[in-house]
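Protein chains: 10
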Amino acid sequence: MKREECTEKIIDAMRQKNLTFEEIARKIGKHKVWVASALHGQASMSKEESEKVVAILGLDPECGRLLQECPYKGALSTTVPTDPLIYRLYEIMAIYGVPMKSIVHEMFGDGIMSAIDFEIDIRKKEDPKGDRVVIELNGKFLPYKKW
Amino acid sequence: MKREECTEKIIDAMRQKNLTFEEIARKIGKHKVWVASALHGQASMSKEESEKVVAILGLDPECGRLLQECPYKGALSTTVPTDPLIYRLYEIMAIYGVPMKSIVHEMFGDGIMSAIDFEIDIRKKEDPKGDRVVIELNGKFLPYKKW
Amino acid sequence: MKREECTEKIIDAMRQKNLTFEEIARKIGKHKVWVASALHGQASMSKEESEKVVAILGLDPECGRLLQECPYKGALSTTVPTDPLIYRLYEIMAIYGVPMKSIVHEMFGDGIMSAIDFEIDIRKKEDPKGDRVVIELNGKFLPYKKW
Amino acid sequence: MKREECTEKIIDAMRQKNLTFEEIARKIGKHKVWVASALHGQASMSKEESEKVVAILGLDPECGRLLQECPYKGALSTTVPTDPLIYRLYEIMAIYGVPMKSIVHEMFGDGIMSAIDFEIDIRKKEDPKGDRVVIELNGKFLPYKKW
Amino acid sequence: MKREECTEKIIDAMRQKNLTFEEIARKIGKHKVWVASALHGQASMSKEESEKVVAILGLDPECGRLLQECPYKGALSTTVPTDPLIYRLYEIMAIYGVPMKSIVHEMFGDGIMSAIDFEIDIRKKEDPKGDRVVIELNGKFLPYKKW
Amino acid sequence: MKREECTEKIIDAMRQKNLTFEEIARKIGKHKVWVASALHGQASMSKEESEKVVAILGLDPECGRLLQECPYKGALSTTVPTDPLIYRLYEIMAIYGVPMKSIVHEMFGDGIMSAIDFEIDIRKKEDPKGDRVVIELNGKFLPYKKW
Amino acid sequence: MKREECTEKIIDAMRQKNLTFEEIARKIGKHKVWVASALHGQASMSKEESEKVVAILGLDPECGRLLQECPYKGALSTTVPTDPLIYRLYEIMAIYGVPMKSIVHEMFGDGIMSAIDFEIDIRKKEDPKGDRVVIELNGKFLPYKKW
Amino acid sequence: MKREECTEKIIDAMRQKNLTFEEIARKIGKHKVWVASALHGQASMSKEESEKVVAILGLDPECGRLLQECPYKGALSTTVPTDPLIYRLYEIMAIYGVPMKSIVHEMFGDGIMSAIDFEIDIRKKEDPKGDRVVIELNGKFLPYKKW
Amino acid sequence: MKREECTEKIIDAMRQKNLTFEEIARKIGKHKVWVASALHGQASMSKEESEKVVAILGLDPECGRLLQECPYKGALSTTVPTDPLIYRLYEIMAIYGVPMKSIVHEMFGDGIMSAIDFEIDIRKKEDPKGDRVVIELNGKFLPYKKW
Amino acid sequence: MKREECTEKIIDAMRQKNLTFEEIARKIGKHKVWVASALHGQASMSKEESEKVVAILGLDPECGRLLQECPYKGALSTTVPTDPLIYRLYEIMAIYGVPMKSIVHEMFGDGIMSAIDFEIDIRKKEDPKGDRVVIELNGKFLPYKKW
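Just so you know, the protein sequences line up as chains Z, Y, A, D, C, F, B, G, V and E, in that order.
For the first sequence, the positions run 1 to 147 when my numbering is used.
For the second sequence, the positions run 1 to 147 when my numbering is used.
For the third sequence, the positions run 1 to 147 when my numbering is used.
For the fourth sequence, the positions run 1 to 147 when my numbering is used.
For the fifth sequence, the positions run 1 to 147 when my numbering is used.
For the sixth sequence, the positions run 1 to 147 when my numbering is used.
For the seventh sequence, the positions run 1 to 147 when my numbering is used.
For the eighth sequence, the positions run 1 to 147 when my numbering is used.
For the ninth sequence, the positions run 1 to 147 when my numbering is used.
For the tenth sequence, the positions run 1 to 147 when my numbering is used.
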């Protein structure tokens, strides 16, 4: 079985059982963004976590084993995403990428924000002029090694 | 004069005067990420703001008029950025884009986070295991209109 | 079930029942362009709207649930579309994009026309020299936020 | 002289003389979108029109002759535009292109909207919830010839 | 049923019945290039034409209805075609495109040759040094509208 | 000197002397499409032909020598051309390429139309409903060799 | 049946019968490189040749008819091949292409080496320091026609 | 000085002195294809060879030092070459690449033809039906190492 | 059977039998990186090696024969890999490729490191600040041949 | 001044002074691969290091300040490199990338080899059958964080 088939089965089961990622996350005790990543085939679960998912969604055991494997990551079918919600993240990188690079270097020196020792939080900030999406990217600063 | 030449002059002047975006931002009274964006040719300034920049950096007046124009935005020379710091933002989109889309739709319904009614903050979070870069993306939720 | 299979079932049912998007739109009480978008997997319907579609076209219920989900949007298989009707929209963007940008900025300042708080109307304008297609794009102006 | 250099001279002269496309259009007696297209190197002017532009902007005569030539059209440096205002037109094509194609065929049969026998109007529609940009694309319907 | 499956069925039936596009064209009373285009999914037929094709090739009725639909046009799987016969057309465009543009503008002014109000003829011109393929492209000149 | 600079000088001289490709072609005794190709850097001239061009346009002798060299052919800056007149040739290839391939093979067997032993003619066909552009592509049929 | 399925059946039959292209070529009386091309779907066979292949490999008759058709040529799934053996041919073109062009023009004038009236031979040249692959490309020189 | 400027100077000098690669090759005592490669910036010369070139063409000494450096190889400006002579090499790879791979593996086992321990010869084979270009590629077979 | 199906069967069998590449490598007596390459369809095995794999994993014999064939190599579905672990190798090439080229040329002269007469070792180097991955690439230096 | 101009000046000075990266590295007290990276604009130097470089190569002071800045990294002009030495690194990633991923995950779990906390060593291993290039990539293992 390929990971994509496993993902499709998970999404089908969530639709039929009317379950959200947030509900599954609460049952597993992990953050909803991370759980959505793992179920979409972008992160690997422990044996215990995957067994909980199998039980909650009524999946077959091979799907559970697949959830423990380190997947080939990257979930988009085009280099530039067409979906407007996801494209806005691309737009932010294309437009604010160089300015953000300048600021991070001013604050931290030469290095990067890790995308591995890293977490994402998404919050709703209520606002009378229209609620706001707040995405917090939090990654360890990794200074370039000289040798 | 093209906007790129104006940007190069700004960066040269900052190097010669040993000024940071943060210092310029403080003098203008705006956030450092936004100021870096405007000076890199990704946002437009008011007449007052641009005149302050011209004075601080000793630029010629045409450069000041250019800072007030609405630039052709997008500052990367390749579809997928090669710079590691900026690439990590691309990686986050490629890997966490679909999971984030799922979570935003669960929290807000069908729509997007605006990249226009939008702001970015970058903070340093000190940590004994290595300081962390925290990037906060804050955009208005725009629900899809039906008609 | 993937959204693409659901779309194919809808198109097959429309062909067999000899129904147009306009007829379905009239029964649902929405604009024909929006209904065509939703049925092609580019917009999400309410529970009531999707149930009407299921009834009109005789679809199975899972298809109805899929119509309520927020789809991964973007319906073309190539970056530059090959279909001549759709390509002309690409050509308009490639040729008149920069001039339109200049005019919008002259009229509204720095910002964009939203493609989310947005609607499309298509009308036929009769003309003895050949009828004309009139496409009206109507989106909220979103001014760039400074911060 | 290349057409791009001529365009740059025009834009520089407009900035120095503080002139808008709308003001130039009024003096020439043509629509502002078409004038912006011609000055950006996307359309060709008559001898009279180009001489008026040369006079208004104080250009050298070779620039005037260039304005009369049929330019190599297409003004973007990337296949998918990065500028957010122009990208939204790409997004509209990517998402609503197939639905619009369905509707045009339902209304007109097999054929296209011409992008040559074609005009664009841009209007501001005032709205208390935020003004709206209305772009009207108006092109002759061209039915496919059978032979 | 997707249009591609319908095309595959048509080609299979032609192979089994040992029929050429020219023979089918003669029975329908249309030009062989146009008939090949319609059967390859690049043009739409009338009800009568499609019913003749269904009868000649022994297709099922849904295929006949599909032949009447306006297809998503464009039949190549790569941006630059690899097949040598088709590539030569690409080469002609890449090398003689700009010279042809110059000549058409000298002869007709600013505008294009329509690819919609358009027809193609292919003839064999016998020649002792090797027969020649003569492809005649015949399209209405469409002058650019000014507005 | 690069061939591109030589081409730019030729076009500048033609503009200043108000000469067309057709007029130059008549003086050289060759077809206007071929002359436009040679002057645009897509074909090589004999010593005599290039000297006539140098005399007619008042070019410097190095330009004349360059006109005799075999140029690196291919005159477009993008894989898919953006100019509408040239794009229509691409569209014809994308849509009618496979049907034309079928017909050429039915008429000639396996092989191609040469783009080297090849010529192009462009004619105006007057028509009360709008004049027509007729482009005749005439190339030797080259059968595939078996070995 | 698509040509790709036919190719897969041929390769499967060769594997099961443990046959090489060279052995099949000897039975058909053609060169092994040409036979490999035809069986891989890159050339068309005569009725007699295809019947021999059907008999040797035990294929079904439709596969035999497909071997006689003029295939859509081009057998790679990426623009730049990833397979190292085939990539080296790409590297030779990328690096020695311009030098070879210069030498062919010095030797033959303006024109090309045909890839249609063309054959390939591959030989092993034994060498104590390591055997050598010798690929001989042999194509008719086609001079550019002037008109 | 960049290698490209050096190449342009070499080609200019060859044009002014009316020298061919073959004549230069004879004076240096190397094969004309290799010399063309080195002068086009695709190979590196010894001190002696470069000094001969400097003397023959009257170049300045820095150009001579550049001829001794290991250049960044690869001389085409597009992934797929547009020049017809060079494109035919691409076509040979695209069409005959997989068949050649099969034959080389049948003859030599798993491995490649080296493009480094490699040489090219180009010969003219006279033929009453039209002279033929014979390109001989000769590279060491490199078997894949197992470990 | 295609090689991709064979690879999928191998991976499924490894998952069901809970076997690692290292364990299989030990049983075959080859290095784990090479065995992973061969099982992923990137190298060819001897008859004995493939029979051991068939026995260990319980595969059907055709799969065994496929393991002996020279595969079409290259295992990524995109030109730039999206998986972060593999992307880092791309990043190393993009950033350190030119510097490494300079150093190899300083040490060895003009030539390359073979990727055919080549092996890879991967080791874990324990480190209190975090274990390190050490990848050793070891390829024969191939000097460019002059001729 | 742009970083590319600074790099060109450094390379020119090295050529004129006949200096290698290794010699400069010895004077600075850093590894030659890192020094080559910094001088090629792929890493940033301390004030002291850059001043030494300025002194050794006789550069102007602005170049020295540029060497201290965090450059926009990525030094190749094409997505897939054409230079054979660098291409081999791409080939290794394309072919051995997935196998290496499997082995790293077996040895370390889910995570990556850092390309930031990372160093490269290049050694010559003498061998009677031909010296070998040994490239050692040494990066910290970064385990994926769960949250």
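Hints are computed from structural coordinates only; laboratory data are not their basis.
Treat the hints loosely; a few may be bogus.
[Stated by the list, open to error] Now the stretches of chain V that chain Y is said to cover, found in silico as 3 or more residues with beta-carbon under 8 Å:
(1) 76-84
(2) 129-135
[Said to hold, decoys possible] Below, computed lysine to aspartate or glutamate pairings styled on EDC-like, alpha-carbon distance capped at 20 Å:
(3) D:Lys129 / Z:Glu126
(4) F:Lys145 / F:Asp117
(5) Y:Lys47 / A:Glu106
(6) G:Lys9 / E:Asp12
(7) D:Lys27 / D:Glu48
(8) C:Lys146 / D:Glu136
(9) B:Lys47 / F:Asp110
(10) V:Lys124 / E:Glu119
(11) A:Lys47 / Z:Asp117
(12) D:Lys2 / C:Glu4
(13) A:Lys146 / Y:Glu49
(14) D:Lys145 / A:Glu106
(15) G:Lys17 / F:Asp110
(16) Y:Lys146 / A:Glu51
(17) B:Lys129 / G:Asp110
(18) E:Lys129 / B:Asp110
Here the structure is a predicted model, which means the values were calculated and not measured.
The beta carbon of each residue, even a glycine, is placed where N, CA and C say it ideally should be.
Broken hints, by number = Violated hints: 2, 11, 12, 14, 15 and 18; rest satisfied.
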